[in-house]
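Asks: Protein sequences appear in the order of chains A and B.
Position one of the first sequence corresponds to residue 505 (the working numbering), numbered consecutively onward.
Position one of the second sequence corresponds to residue 91 (the working numbering), numbered consecutively onward.
Worth flagging that the hints you see were computed from the coordinates, not collected in a lab.
All values reported here derive from a predicted model rather than from experimental measurement.
Note that CB positions come from ideal geometry on N, CA and C, so glycine has one too.
Where hints are given, some of them may not hold.
Think about it this way: if two alpha-carbon atoms lie no more than 27 Å apart in a straight line, the pair counts; the simulated DSSO-like pairs of lysine-lysine are [claimed, not checked]: (1) B:K161 with B:K145; (2) B:K160 with B:K93; (3) B:K103 with B:K145; (4) B:K147 with A:K507; (5) B:K145 with B:K160; (6) B:K93 with A:K542; (7) B:K147 with A:K606; (8) B:K93 with A:K606; (9) B:K147 with B:K160; (10) A:K574 with A:K606; (11) B:K147 with A:K542; (12) B:K108 with B:K161; (13) B:K147 with B:K103; (14) B:K160 with B:K108; (15) A:K606 with B:K143; (16) B:K93 with B:K147; (17) B:K145 with A:K507; (18) A:K507 with B:K108; (19) A:K574 with A:K507; (20) B:K161 with A:K606; (21) A:K574 with A:K618; (22) B:K145 with B:K108; (23) A:K618 with A:K520; (24) A:K507 with B:K161.
Selected chain A positions facing chain B (in silico; Cβ < 8 Å) [as the list claims (entries may be wrong)]: (25) P545; (26) L549; (27) F609.
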Amino acid sequence: AQKVTQAQTEISVVEKEDVTLDCVYETRDTTYYLFWYKQPPSGELVFLIRRNSFDEQNEISGRYSWNFQKSTSSFNFTITASQVVDSAVYFCALNDNTGGFKTIFGAGTRLFVKA
Amino acid sequence: DVKVTQSSRYLVKRTGEKVFLECVQDMDHENMFWYRQDPGLGLRLIYFSYDVKMKEKGDIPEGYSVSREKKERFSLILESASTNQTSMYLCASSLRDSSTDTQYFGPGTRLTVL
């Protein structure tokens, strides 16, 4: 069965700290896609990254980086030198062949970045 | 840029009322989705549609129905609103090319049922 676990409900950091948001997934398929979305206080989910199961290269985009490890079924997200504008709820999500059009979302991690 | 709009940001209704939530996307996407978001539960899929007049149940369709008469518009209907339907409702759209394609979300409608 598909499942996405974000064990951290809330994280609070001080500006300029690095922070890692954990995501663990379960799937029986060998082909699947993983996503991270950001939901700022305005409410609209914003797409951050999509990664397919055959590409285990880590990705860096500015202060954001993602660590995909199939061996541990994890797709963790790190923000380097966090800023107040990073305060948001972050969702990890999974879509595989089993789910068809369905994307399974984790419960989300609320990140507070204090000035 | 993909634009997904929802008819209301905030809505207050009474128990038993019929409620319509409208979603419009301007990118000619085939797929459209309705989710509800509740604290600690993430996003749960209510219904989705992969073409005009086509619809599929998601994980929590009870108490809801949908309508897709035009490609750009996907409506969620609460036939008789109940207090347990108080929630944030999010609409999304994506291309049909791949079922795993990125979804683009609207700003959400926060519905309160009294």
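Asks: Holds or violated: K108 of chain B with K161 of chain B, Cα cutoff 27 Å?
Replies: Holds - the C-alpha atoms of K161 of chain B and K108 of chain B are around 23 Å apart, at most 27 Å.
Asks: Identify whether the interface hint at L549 of chain A stands, where standing means a beta carbon of chain B within less than 8 Å of its own.
Replies: Constraint on L549 of chain A satisfied, holds at 4 Å.
Asks: Can P545 of chain A be said to touch chain B, with a Cβ gap under 8 Å?
Replies: violated, 11 Å
Asks: Under the criterion that the straight-line Cα-Cα distance not exceed 27 Å, is the pair K606 of chain A, K143 of chain B satisfied?
Replies: Holds, at about 19 Å.
Asks: Given the hint that K574 of chain A pairs with K606 of chain A, does the C-alpha gap stay at or below 27 Å?
Replies: holds, 21 Å
Asks: Tell me if the straight-line CA distance from K160 of chain B to K108 of chain B falls inside 27 Å.
Replies: holds, 21 Å
Asks: Would the hint linking K147 of chain B and K160 of chain B be met if the CA-CA limit is 27 Å?
Replies: holds, 19 Å
Asks: Could you grab the alpha-carbon distance between K507 of chain A and K161 of chain B and see if it respects the 27 Å cut-off?
Replies: violated, 31 Å
Asks: Given the hint that K145 of chain B pairs with K108 of chain B, does the C-alpha gap stay at or below 27 Å?
Replies: holds, 20 Å
Asks: Within a Cα-Cα threshold of 27 Å, do K147 of chain B and K542 of chain A meet the stated pairing?
Replies: holds, 26 Å
Asks: If you draw a straight line from the CA of K160 of chain B to the CA of K93 of chain B, is it 27 Å or shorter?
Replies: This hinted pair holds, its Cα atoms lying about 16 Å apart.
Asks: Regarding the pair K618 of chain A and K520 of chain A, is the alpha-carbon distance no greater than 27 Å?
Replies: holds, 9 Å
Violated hints for the displayed structure, listed by number in ascending order: 18, 21, 24, 25.
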